[in-house]
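Visitor: Sequence:
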Amino acid sequence: MARILITSALPYINGVKHLGNLAGSMLPADVFARFQRLMGEEVLFICATDEHGTPAELAAVEAGQSVEEYCLEQHEIQARIAKGFQLSFDWFGRSSSQANRELTQAFADRLEDAGLIEERTSRQVYSIDDGRFLPDRYVEGTCPSCGYEKARGDQCDGCGRLLDPVDLINPYSAVSGSRRVEIRDTQHLFLLQSRMQDRIRAWVDERAGAWPQLTSSIAYKWLDEGLQDRSITRDLSWGVPVSRNGHPRPGFETKVYYVWFDAPIEYIGATREWAEATGGNWERWWRTDKGAEDVTYVEFMGKDNVAFHTVSFPATLLGSGEPWKLVDRLKAFNWLTWYGGKFSTSQKRGVFMDAALELLPADYWRWFLTANAPEGSDAPFTWEAFQNSVNSDLANVLGNFVNRITRYAQSKFDGRVPLEGEPGADEAWIEGELAQRLPALIAHYQAMDFRKAAAETRAIWAAGNEYLTRAEPWVKYKTSVEASAVGVRTGLNLAALFGVIAQPIIPAAAESILSALGVPPEARSFRFGDPRSCLDALPRGSAITAPPVLFAKIEDTQTADWRVRFGGG
RNA sequence: GGUGGGAUAGCUCAGCUGGUUAGAGCGCAGGACUCAUAAUCCUGAGGUCCCCGGUUCAAUUCCGGGUCCCACUACCA
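Residue 14 is where the first sequence starts when you use the numbering used here, and the numbers rise one by one after that.
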């Protein structure tokens, strides 16, 4: 049994995430985790909210809450929504946890012990009225290059030029609008990534062969340009306090570690939270000197996160000099777009995760977002495509198949798996289909090709409908109940198989099918036997029921309404 | 600007190292069936594989140039 550690990029605490965040990391990570569990592997699936940083502080102020209250509340909201989407995290942690604080401080100590940390003075914009240093993006002013008056400190939206906030003319705080800002010197800790250039490149060389091109090209781009030393502290109060060997670090009493330093460490922190809550052993998953040497670590994220996971986080782990588990396989996604544009809260463009669950059950979204995952390039979400996909794939192909065969079995065979009849040419045909398609399905999942896995799943469901057309049990019934019985028995077994293969993507519907057919948990795995035995797996004579209609079709009136409420078209 | 990716049927996309009639799903047209959520199954129409050159016996597939999209560009997370 293999051991597989799976992490999804951490959703930021700053409000409910939209469908793109779901589609680009949490959902595919969940589908993969479910698949691996069904293959019988030992899986640990970890996620958490990423809670530190300026946006969290500002959002708390806006909400009229302390940042602690705000984060707790938002964490609970995100946890509830994750549960609603049936994301099967073994643990959904918080980067503000005590476990993460201890780990982050320990990593900083180890890095400093290794001579990889240095104090440097930098010049930053301080807002007197806000009483805080402002991140580049939160300073605005006139662009020194093009004269655009609302240029941000990091980049000018007018001319696109990258800027240094200290160069802005007439700078002001984007937080309060105050113009009482000044440049102040401030001390920060820098992680000397430049000294780790060769070690990181060697490590990337070792792994990149197994990474998708999108991933390795981003990693090499950073390496080729030369790794820069990176400031890992910030002038904030909300975060992991800067320390040295367990004590506040002199001169850094009002500073915390930068959120990008502590956030990936929370993958480990959340595992420790899991261990503390469940009695599990977290080091067995993360320390190669304590049992993790045979773990396969798989990360899921949007492409904007790739550099941090291929370079920055590995720099932290490698630089510590300790035997930490590093990523083996990395799956990066492009963006899900809203009709080709960006999701936007302020402009009411796009559906967010909480609103989605109010419209329809999780399976509907899970199916569409997996079958249309933004794998090769950005992929658009449109109501038309969503409606088509759900109605055709789920309601017509799968739902109707299960409904037609179970109802027929109820009306003609007393709701039991028929006893009699021997397989013939039609059964040989579907066996041939399964013999080819089931291995292909598993191969697509192993390769983390989610669109292809969904397409193959659908193709198998569709083959079931074709089988029934060939076998025609309702026609044969008129002349030979025994001949009809073979078709019904095979059809019921196909329905059970369809429920099994549906589990990673649409777990609720799969459960409904499998329980209606009385399939016990041990018979639901992806370790398929030969096709013939798959088609005679349900005990003959056992009672089955017709599950309630699995998927209601999405009506035009609904999409018309949603277009108005959420934008689109 | 730099780097990377993309441009294939009406729509969304597959097409490993070049080779007979370029594929899938949806949509559309026709037919079959009637167990089923007016579902299903079959058949069909429809493409100068972005443009211009080049290499080759042969290019959607390789090379060069062009046009158009998109992403990333480290102190935003």
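There could be a bad hint or two in this list.
What the hints assert, rightly or not - No more than 30 Å apart at the CA atoms, straight line, and that leaves these computed lysine-lysine pairs for DSSO-like:
#1 425 / 566
#2 96 / 163
#3 465 / 234
#4 355 / 316
#5 566 / 355
#6 566 / 465
#7 30 / 491
#8 30 / 163
#9 234 / 303
#10 489 / 96
#11 96 / 316
#12 491 / 96
#13 465 / 425
#14 465 / 316
#15 425 / 355
#16 355 / 234
#17 465 / 163
#18 163 / 316
#19 491 / 425
#20 465 / 96
#21 30 / 489
#22 30 / 465
#23 425 / 30
Just so you know, the hints here were simulated from the structure itself, not pulled from any lab data.
Visitor: It remains to establish, for every hint, whether it holds in the given structure.
Guide: How the hints compare with the structure:
1. 425 / 566: holds (27 Å)
2. 96 / 163: Violated: residue 96 and residue 163 sit about 41 Å apart, past 30 Å.
3. 465 / 234: holds (29 Å)
4. 355 / 316: holds (15 Å)
5. 566 / 355: Holds - the C-alpha atoms of residue 355 and residue 566 are around 27 Å apart, at most 30 Å.
6. 566 / 465: With a Cα-Cα distance of about 24 Å, the restraint between residue 566 and residue 465 holds, given a limit of 30 Å.
7. 30 / 491: violated (56 Å)
8. 30 / 163: It holds: about 27 Å lies between the C-alpha atoms, which stays within 30 Å.
9. 234 / 303: Violated. Residue 234 to residue 303 sits at ~34 Å, over the 30 Å cutoff.
10. 489 / 96: Given pair residue 489, residue 96 is violated - Cα atoms ~46 Å apart, limit 30 Å.
11. 96 / 316: holds (25 Å)
12. 491 / 96: violated (49 Å)
13. 465 / 425: violated (37 Å)
14. 465 / 316: Cα-Cα ~20 Å, so holds.
15. 425 / 355: At roughly 53 Å apart (the allowed maximum being 30 Å), residue 355 and residue 425 break the hint.
16. 355 / 234: Holds, at roughly 26 Å.
17. 465 / 163: violated (45 Å)
18. 163 / 316: This hinted pair holds, its Cα atoms lying about 28 Å apart.
19. 491 / 425: holds (11 Å)
20. 465 / 96: Since the Cα atoms of residue 465 and residue 96 sit roughly 26 Å apart, the hinted pair holds (cutoff 30 Å).
21. 30 / 489: Given that 30 Å is the threshold and the Cα spacing comes to 53 Å, the pair is violated.
22. 30 / 465: With Cα atoms ~26 Å apart, residue 30 and residue 465 stay inside 30 Å; holds.
23. 425 / 30: violated (49 Å)
When each numbered hint is compared with the structure, violations occur for hints 2, 7, 9, 10, 12, 13, 15, 17, 21 and 23.
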